[in-house]
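J.: The two chains are supplied separately, each in an independent frame; assemble them into the complex guided by the hints.
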Amino acid sequence: MENYELVLNILKKKFGFSKFKEGQFETINSLIVGNDVLSILPTGAGKSLIYQLYGYYKQKPIVVITPLISLMYDQVKRMNMMGENKAVTLNSDFDWFQKKVILNNLDQYRFIFISPEYISQDNVFNIINNLDLGLLVIDEAHCVSTWGNDFRPAYLNLRNVIKNFSSKPQLLLLTATASKNVLDDIQQILDLNKLTILKKSINRENIYLKNIKYEDQNSKDEDLLYLLNNLAGSGIVYFSSKTKADEMSKLLIDNNANLRVGVYHADIDDHDRFVIQQQFMNNEIDIVFATSAFGMGIDKSDIRFVIHYHLPQNIEDYFQEIGRAGRDNQKSIAILMYSRQDEYFAKNLIDYSLPDESEINLFDSGNVISNQDKEDILNYYRKIGYPKKDLINLFSELREKRLVDLNHMIDYAKNEKYCRRNIILSYFDEPEITHSEFCCDINSNEVINTFFRKEQGKIKSKELNWKEIIEKLF
Amino acid sequence: MNKLKEMDSLFVLFLNNNQFRKEKTIRNILKGKKTVANLYAAKKYNLINIIGLNKYINDFKIDESLIDYNNEGKIKLNNDGQLFKKEIISMTNFNFIQNNFYYDIYEFKRRFILILQIMSEFFNHNKKYIPIENQNYRRFYVKKWFHNLSQKKEAAIELKNILNEFLASILPIEAEIIAKTFVGFKRHGKTITQISEEKGLSYSIIQIIEFNAYCQLINFFKKSKNYSIITKDVEKNIVNKNALKTLSLLDNNYSFEEIMKIMNNKKSTIEEHILELAIFDLLSKKIINKYFNVNLYDKLKKEDNMIYNLTYSKLSFKCSFFEFRFCQILSLKGNN
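Chains as they are written, first to last, in our numbering: chain A, 1 to 474; chain B, 1 to 336.
One or more hints might be untrue.
Calculated lysine-lysine pairs in the DSS-like style (CA-CA distance at most 25 Å, straight line) [unchecked claim]:
{"#": "1", "chain 1": "A", "residue 1": "K244", "chain 2": "B", "residue 2": "K61"}
{"#": "2", "chain 1": "A", "residue 1": "K401", "chain 2": "A", "residue 2": "K347"}
{"#": "3", "chain 1": "B", "residue 1": "K186", "chain 2": "A", "residue 2": "K472"}
{"#": "4", "chain 1": "B", "residue 1": "K152", "chain 2": "A", "residue 2": "K467"}
{"#": "5", "chain 1": "B", "residue 1": "K199", "chain 2": "A", "residue 2": "K462"}
{"#": "6", "chain 1": "B", "residue 1": "K61", "chain 2": "A", "residue 2": "K250"}
{"#": "7", "chain 1": "A", "residue 1": "K300", "chain 2": "B", "residue 2": "K186"}
In short, the hints are calculated from the structure, not lab data.
Here chain B stands alone, though its shape is the one from the complex (with noise of 0.2 Å):
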């Protein structure tokens, strides 16, 4: 427990022990960046819920003595980096920080805060007291749909079933953490510094554990038509928007030619956008077909049998870097 009192090495979590990573990759898809390389890059290390994630926790610092340097300047974790891993693993649920790649987490859990605190003052009848939240948008958008509601103690009472029902279906650590930021009547929460030094756990270890708990948090509210406001536009979009028009006109038989004239767009852009598609399996089998070349596959195969590994400046032969990239986004399907 001391280690993790000290330990703010969160970087960890996006490491293993028999893959060597570029720091900087991680550190672009923790920000969010969007480009192919990128996304490709996420794919590769199996990191792709995780992008965007410098939104909510902006701190992901590297102990040097948990990794090891390749050549290349790349890390993977050694034993004790690995050690570490797993006892951070053990504390929280990291099944739903896919939520993170669906959801704006950060947006959903200032929305949920303002409408407890909002729905708890209503249910103690106080009206006198400071609301939580700045932005005037969301206190708008909160106060309207409050303004809004019909049946207000009712919906306040399956405010607190939902919590009750959520908290204890997460792990004691997590529902202590989550339930000590709360907001509402008579109670101002508590900040992350504070239940770290309570808890005698590192900064990052209590933000990710809070981070994990809202990710579960949200599944809670998808059903409930009272607080549907909560969930309502928080969802990401996952591929841009000019990538999904040239997924419809693929899945309408237009040719490449013909998506490059009705999209105004070069040819290297549509191939941007059908490789960001395969990377997010959003091609059908069919179209995956028309754009996979086999002898190239297998000719890669041949260069090395990991294709995803592979470098394209570094190939023996010439070949497209649209179709090299494709194959090494199917190799891929394998390895995750």
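Only chain A is shown next, with the shape it has when bound in the complex (with noise of 0.2 Å):
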């Protein structure tokens, strides 16, 4: 109770929040007593809080190993607007110079976030060694296991980081989405075997679950305008196909000039992008076509749908995208828009993203290949001396895993007899719920309709000329 009294005082003073959201008392609570922590927690439980509020209790540095630079610009800014300057980000993105600097005054942040491969560098990690850590967070922890949908290679060697360090900093692993075979690969390849896992349900009970079938292209994209002319509040619709988004914001913008909608993918420039994040969390447009790269780190509160437009290629990623709807608790709603041509779409993708064996060969006999991403990878895992055999098998094997993935995203797509957030929770191994009708639409199609706009659309506010732009501004 003592602890708590402290923290909550904390998380008043330095966050603005009277109560913890579910899990995150505990999780500290359990840092407090000294453990190393594995916390899996639903999306928008405020896992970054999590480090934050603990590195302001203990007054000591906290490292925290982060997969995508975006994700560390976003949580330095975020920190930043909540009054806090002394964080850091250490990523590819500086140069021989800038890194220098940093290093050399690292003693004065209290948040570095890091890539899994720069805290591998040895210059980088010998000084790191020498902070006298609060905390090693790492963050997407998922990323860890060749089992997990975001698998990255570079997370196999933070195994030696942590054995590294001379004295053992205590650690905090962070996921949203870990199933039974995901933990277990994670304990074993960091050799983590005295963890304490604090895992909350990831089911979110406001997010009514729908899914649509569609013999062909044309009434789905007719069928989307409709949604969206209709549905209430903000969304987003998720593509796999960045021509495809933008091709449909496009027909949005002809047949309602009344809707405002922006596009955001990786074709996009971070000024762009920047613009469009603003603008949806102002609440100055109100659809977000996005990608997958849309979402990691925007924390608007009152998203009421998701609409995905293409099949997913897991439920991971799935729930993951769903979950950043109704984080204000209130009802929303997610629609997959399923038709037979995206099993595919989401197939071909799978292919493209993992070196096959023609292309191990190739890149072995030093050719160049021409997907970097492939490249990069193939690259790595010849840095750390991996033999081509071993290499084709890893791959095929994770290919087979991702259709294995691929074919539960479609059974649950094609599925129209059970519910669907039981089949979820189970893939999840958590106990099964009782079918309700705000679950999903077995049995209850109709609830879709009380997520339909009572009133008429947003009007566009007023243009302002520049003259009025230079006065708004100064």
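T.: What follows is the structure, encoded as structure tokens:
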């Protein structure tokens, strides 16, 4: 109780909240008593607050290993916004000089966000090793596992990183999606057998699950326009193809000039990404057409709907993405639009993302392969001395595994009989719940109407002329 | 206007209706490939100012209905193309596109927007905002500048004045478009796609208008002491450093052989330096006279009065390629 009052005080003072979300205090408390913790919390549970608050409690530097550079920047920007200026990122964006300046002053920072590749570099590790660390955080810990869908080879090396510390730091591993296989794998790969595992149900009761089947692409497009014209509130539409996202955005605008839409994917430059993100956060646009690049680090609480135009590659990704809806605990809806063609598209994407035997042979004989991502991953394995034969087997197994995952997703999309929520819960080894009307569209198809807007759509605000814009700025 | 909404064919800007041009060469110019052959082509097509424009705008489509082909596959504008080009040119001021040649407009824009955001938030006493810039080096650079800025409020007012003066000086559509991209206090700006939808103009047209506006804006910051950071080190190297060394040696009367030795370069490399310097009009009359072969020039003129159109491999006589290209470059002076 003494701990509770103390950390609640920090929560109020530093973050402006009066109570913890489920799982936050349990994790912090377990850290306070000295455990190494693996915390599995649902999307939107406020995982980053855990290590931030613990950092203030310990008054020592916290190192956070993060897989994506954009996620690091996002965290640092957000901490800056909360008034925390002692947060820094260390990644490949820095040139030699900038890196040197930061490393020389690393003890001045309280929160250090770093990529797994960077912390594996000797000179960087040596400096971090000399800091009196309060906590070493492995964010998105499922990336450690080859069974996980976001497997990153550099995460494998974290076992050595942890071992090489002259004084083993306290550990916090965070993830939102981890089945039993993945959990076992994480502990085995990192050689951590005394982890305290805290797991909260990943179920998001306030998100209604609906699937719609289509025979052809045209009816799917028409229905998407219908849904967007009628669904109330803000929403995200996920696509697996950038071109399709662009195309549908144009179609929507041509059909309804009043809808306020933004497009967000890897081909959009970072200036425009910032603009779209901020407009969405500030309710200046209602809908974002995006690829999976959008959403990581987006903390908008009142997203009312998430639509998947294409079939996600696995249930983990799907559940993570729909979890961006309804973080304010208000009723929200997740719609999966499924057509047969999506299966082939998803299979192609899997093939495209993993090097096959011929590409591995090509790479091995010193040739350049056309896909940069594949080349990077093969370079990594070459560097750590992985034999070609093992590599072929590894990627072949990985491909098989991804196809199995995709098949789970296809089964989920095709299902018309069983409660959708229970399918997902059992996938994550969680106990089933009692199906209710507000759960999924099995036996309760009319619920979707409650998500339709009752009044006219939002009216676009008046556009300012340049003189008015300057007056607003200054 | 409908056509301008649909049309993304900004490639027309780099073509005209009386000279057949090679598409691939123009694409190389846009990419910023600075080989002598490419630079010569840029000079010949009068496109030196757009070298490297792809850094800012990377999608220049071609609309087949606006061009004619010759039997070598080269292209020029047809009447529709010419009309479309005129329509675009009437919408924005292309006189300042030369700034693309002298400055890295992309870097300038990124710095400007970040500084505008910082100054606007400061002016409105808001410390809790998300900075637009992701790149560490730019953020560090600007942060340091802001920290050292002694009279911040006055600097913010100066920025407001510069922007008012600038926006009043450019075409109304340019002012409207560039102002929509501005980011600051309670304003997150608009994307090119959004402006394009609002204005009913194609993405590419909005992009080129915005680009031209930034080309003009840079001139407004050159004089400001407070904001010298925005233009500092955004100048491009017009000529490569080794060519400039060669120029310095030429100006100091070193012989060709001596220059080869000092630079530790092959003959062909020094020749390339001289050609590059000639393309950018950096050679003095004295040096031009030294390398200009008058007899060859006359001989070439007999082959074709427009020497710049000749192809070396198709000449009826043999000569040095260096001297041939040198004559061609000089012949362009009259052409452009």
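J.: Please go over all the hints and tell whether each is borne out by the structure.
T.: Hint check:
Taken as a hint, the K244(A) and K61(B) pair is honoured in the structure, with Cα atoms around 19 Å apart against an allowance of 25 Å. The suggested pairing of K401(A) with K347(A) holds, with an alpha-carbon distance near 12 Å, which does not exceed 25 Å. With a CA separation close to 8 Å, the supplied pair K186(B) and K472(A) stays within the 25 Å bound. At roughly 22 Å between alpha-carbon atoms, K152(B) and K467(A) fall within 25 Å of each other, so this suggested pair holds.
Straight-line distance between C-alpha atoms of K199(B) and K462(A) comes to about 14 Å, which keeps the hinted pair within the 25 Å bound. Only pairs whose Cα atoms come within 25 Å are accepted, and K61(B) paired with K250(A) is accepted, the gap being roughly 19 Å. A threshold of 25 Å between alpha carbons decides the hint, and for K300(A) with K186(B) the separation of about 17 Å falls inside it, so the pair holds.
Taken one by one, the earlier hints all hold for this structure without exception.
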